[in-house]
Structure formats: C-alpha cells, structure tokens
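In the order they appear, the protein sequences are chains A and B. Numbering-wise, the working numbering puts 279 at position 279 of the first sequence, and it's gapless, one number per residue. Take any residue in the second sequence, note its place counting from 1, add 493, and you have its number in the working numbering.
Treat the hints as calculated values from the structure; they're not laboratory data. There could be a bad hint or two in this list.
[Unchecked claim] Covered stretches of chain A (in silico footprint by chain B; criterion: 3 or more residues with CB under 8 angstroms from a CB of chain B, positions within the stretch not fixed):
no.: 1; stretch: 7 to 19
no.: 2; stretch: 321 to 333
[Stated by the list, open to error] To give an idea of the interface, some chain A residues facing chain B are shown, with a C-beta separation under 7 angstroms as derived from the structure:
no.: 3; residue: Leu77
no.: 4; residue: Ala78
no.: 5; residue: Val85
no.: 6; residue: Ser116
no.: 7; residue: Tyr151
no.: 8; residue: Val158
no.: 9; residue: Trp161
no.: 10; residue: Ile162
no.: 11; residue: Ala165
no.: 12; residue: Val169
no.: 13; residue: Glu217
no.: 14; residue: Ser224
no.: 15; residue: Ser237
no.: 16; residue: Leu241
no.: 17; residue: Leu275
What you are looking at is a predicted structure, and each value in this text was computed from that prediction instead of being measured. Every residue, glycine too, gets a C-beta built ideally from N, C-alpha and C.
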Amino acid sequence: MNVALIFIAAAVVAAVCLGVLARRGKEMSLEQWTVGGRGFGAVFVFLLLAGEIYTTFTFLGGSGFAYGKGGPAYYILAYGTLAYVIAYFMLPPIWRFAKENRLYSQPDFFVRKYDSPALGVIVALVGIVALIPYLVLQFKGLGIIVEIAGYGEISPAVAIWIGAAAVTVYVMLSGVHGSAWTSVAKDTMILVVVVFLGIYLPVHYYGGIGSMFEAVEQAKPGFSALPNHGESVWWFSSTVLLTALGFYMWPHSFGSIYTAKDANAIRKNSIVLPLYQLILLFVFFVGFAAILQVPGLTGSDIDLALFKLSVKTFDPWFVGIIGATGVLTALVPGSMILMTAATLLANNLYRAAHKSADDERVSKLAKLLVPVVALVAVYFTLRGGETIVALLLMGYSFVTQLFPALILSLTRQSFVSREGAIAGIVVGVATVAIISLTHATIGTLLPWLPEAAREINVGIIALVLNVVVMVMVSLAMRFAISHASGASRASAG
Amino acid sequence: MRGPYWLGVLPFIGLVIGPFFVNRVTPTILGMPFLLAWIVAWILLTALIMAVIYGLDPANRRSDL
C-alpha cells in the first residue's frame, strides 16, 4: 500500500467515524433521520447546502470543463449565484409550509399544496429517476480518483464497493446528521486543497495567474471567453437561467431546506453561499493550468485533468491528500442523495400504496432501502453504458420541470389546478426525454430562428411547453367547473 | 413589496444579460480574462446585495418567520 492510499483510506475511515458519531444523543425517528428534527442553524444548513454543491462533478468536472472547453465553464459560477438569489425569496415560504405540515420530502410538498397524492407519486418518480444517475456519477468519480491518486494499486471497482459500503453504514445509522458532520471534514479540506492548487499550479508552471491566461490565449486564442458558435453567449445565458431555476428542485437540496430551525438560517446562507462559490474559480484555474501541461486529454478523459496534473507535479503523499479530498466530495453528496432516494421510495411510493403505514414503519423501511439503492447505483456504475450517461444529462432538466408548479403554488391565490400541475410536469418531462434521446437542438426544432438564437439551451422548450400546458389545463378545468356549477344552479333554480 | 427586494433583479441583469456585452478576453483584470473577471465581480456584488436586502428585510425582525 503506497503512501497516497494511506491518506485516502484515512479519509474514508474518518468520514465513517464522523458520520456514525453524528447520531449521538438522538433518537433516530423519521423526522431526525431525514430532516434533522428541523433544528439546524445557519451553519449546519450551510454545511448541507455546500455539501451538496461541491461534488465530484465540481472537482473533476469543473476543472475538466475549463480544461476542455474554456470559457463556457464559467456558467457553473454564474448559475449558482443566481440560484442563491432566488433561494432568498423562494425557500422561506417552502420551509414554513413544510414545518407547519410536518413534511419530510419534496413530493410531500406537492401532495399538500395541490391536495393530490397522485402528483406526489409523479414528483417522487421524477426525483428518483434524476437522483440515481447522480449517485452513479459520484461513485464513478470516486473510482477514477482512487485509481489515479492511488497510482493504480486499487481497481476502481474495489474502490467503488468500499466507498458505497462506507456511505451506506453512516447513512443508515445517522441520516442527515451524518451528511452534515462529514461535510465539515469535506468542506475544510476542499477549501484548503483547491485554493492551494488554484494558486500554486499557475504560479509553478507559468509564474502567475495572469501569465497563465496569456500563455493559454497565445496557444488557443479566445479560449478563455465564449466561442461564437456552439457554446456561445446565447447558450451561456439561457443555460445560466435554466439551471438557476432548477437548482433547488433537486430533491436532496429541497429536502435540506426542511432541516433549518428558522427562516433566517436559510436567508443568511444566501449571503454566504455566493462567496463560497468562488472556490470554483480556483478549480477553473487548475483546469486552465493543465491545458498546456497535460495536453491531449479528450472526450470524457478531460475530467482527469486535475489529477493528471497533480500526479505530474506533486509527491505521492500530497497526491494522497488531494485524492482524499476527492473521495470526500463523492461520499458526502452521495450520502445526501442516498438518504433522499430512500426517503422518496419509503415515504412517497410505499406510503402512497399503504395508507395505514405509520412513521415508524416508513422510517424502518427507508433505512432498509439505503443499501438497496446503493447496490442499484453500484450495479449501474460498474455496468457503465450509455443509458446512464443519457439519464444523467436528463436529470437536471427533469427536476427543472417541477419549478413552474412549485413557484406558482407559493402565490396566495394560485390559478394552477392539480390537473394543470400534473399535466405540465408530465409534458415537460416527456419533452425532455424526447429531446435528449433524439439529440434535438433549438436549431433542428426551430430552423427558422436566426443563427445565434439557435444555440439557446434546448431545455427552455420543455419548460415553455410545461407552462403552456399547465396554464391551459388549469383554465380549462376552472371553466369546466364554473360551467358545471352554473348548470347545476340553473337546473336547481 | 416590502424592503428593497427589487435589488434582487440586479444579479440577473449582470449575469444573464451582461455576458452579451462583455464576452471578451481583454482587458484582463487581476490576470483574469475580462468575462471571468466580470462574473467574479458580480458574485461579490451579489453577496453584498443580498446582505443589504437581508439587513433591511422586515421579515428578519420576527424570529419565527
């Protein structure tokens, strides 16, 4: 066992210990397990929200995106910031409603607001279909990190099994408390490691951040801004807007709002989280530094840029620390996703079919489903395949379809009926699936649009159809009802 | 609308509309390409804006909300 692997193994052991200890002094009822007894202050809410954002996708994908595509990567910085602005206004009413009605999950919210168990089942299904590929992505990233940072001594498959087992143990025992506590370790390490890498690597190889961007500009003119075609400024702006709306529609992000003990804990985070986003800036610096130092990575290999450059630059013990950080970025979000998926299955699918089930039974079932969900994710991770990649790309667009029905349900006199909400979400999700599977773009769907506008993110189409159907069905229902009551009045008179 | 909630619109103007006008590499600011520096500046501004909104928000004076 080499020195890098010792650090990585230590991180896994530390995560499990922290995760298990997090349950101390708490009776693990469903309310404690899944929403932390609704007692988290601003710091814990921050840890959860930050814990979910800085995933292997940010670590590997963020640097890889900057390495492979340059300027378009900046969208990740921009959309998160806007999501926090929306959050300031949108999350407190959601939190209040959830507390008053003792909700456990995102589908619960839709069930209560629209008084429709069917809508709850649909929302739960959308959530599960989006979450499983997200979990697979974390496991995949974990396998890659351990393989490279461990100098090939442990195969990805072994690493994935160990990681999945570790996260399963502490999620079953501690639920959301485990995620919050392991987040402490993860976010401390990521802050230190990423800021160090983002400054050290440009200085080491280029003499500074400015000279690094100059060297990149010389080698690839315009690479650090947006291209005129493809991922153009039209693509950028539409993607930023679309993903900002979808941000809190992920079931695990939505659920973590419920843990807050008051609305101020949520509002304060809208000030801090934009600043915390700036960690991504340093992730990008690493990606840009890698362009001229480890050239030639293409396709999905661009995600290896950070680790290839680290292995080239540092001694094994430090590669081990970077690897340990990377492993934590897989485990912590993985734990949130795992817990949320199990809660959706037990609380929103099982309970919908078995109305008599009490909280205790649902709680027991949710914990038992944790290893089942983990196994399913490991299976997909090891089998790989195109399907899962396609699902993952769809995941974000899927959950974004929940936004219109959600935001309108917060208005005082919403005109949206339950039929309208269901129809809108179903049409939106179906549109996303069709668009993704046929690889359609705005250009192929609306060829008469001017050149530039064809690069608008195609997800906008699904969202527009969603809203149109939702409004039309809601108005049609209202008309039908007033017509029917008018007719009955007439016949009674 | 209570409080200066309208300030919340500014980050959207900066980050969704802004890029159409600042999509360029030069001039660099603190070594960063102009577009990146613009986005970073707006992140800092957004934190400031949210702090102002938070400070003036009447909702925060009642602890139960």
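Structure-based check of all given hints:
no.	hint	result
1	7 to 19	violated (count 0)
2	321 to 333	violated (count 0)
3	Leu77	holds, 5 angstroms
4	Ala78	holds, 4 angstroms
5	Val85	holds, 5 angstroms
6	Ser116	violated, 27 angstroms
7	Tyr151	violated, 33 angstroms
8	Val158	violated, 39 angstroms
9	Trp161	violated, 39 angstroms
10	Ile162	violated, 37 angstroms
11	Ala165	violated, 38 angstroms
12	Val169	violated, 37 angstroms
13	Glu217	holds, 6 angstroms
14	Ser224	holds, 4 angstroms
15	Ser237	holds, 5 angstroms
16	Leu241	holds, 5 angstroms
17	Leu275	holds, 5 angstroms
Going down the numbered hints, you'll see the structure goes against 1, 2, 6, 7, 8, 9, 10, 11, 12, while the others check out.
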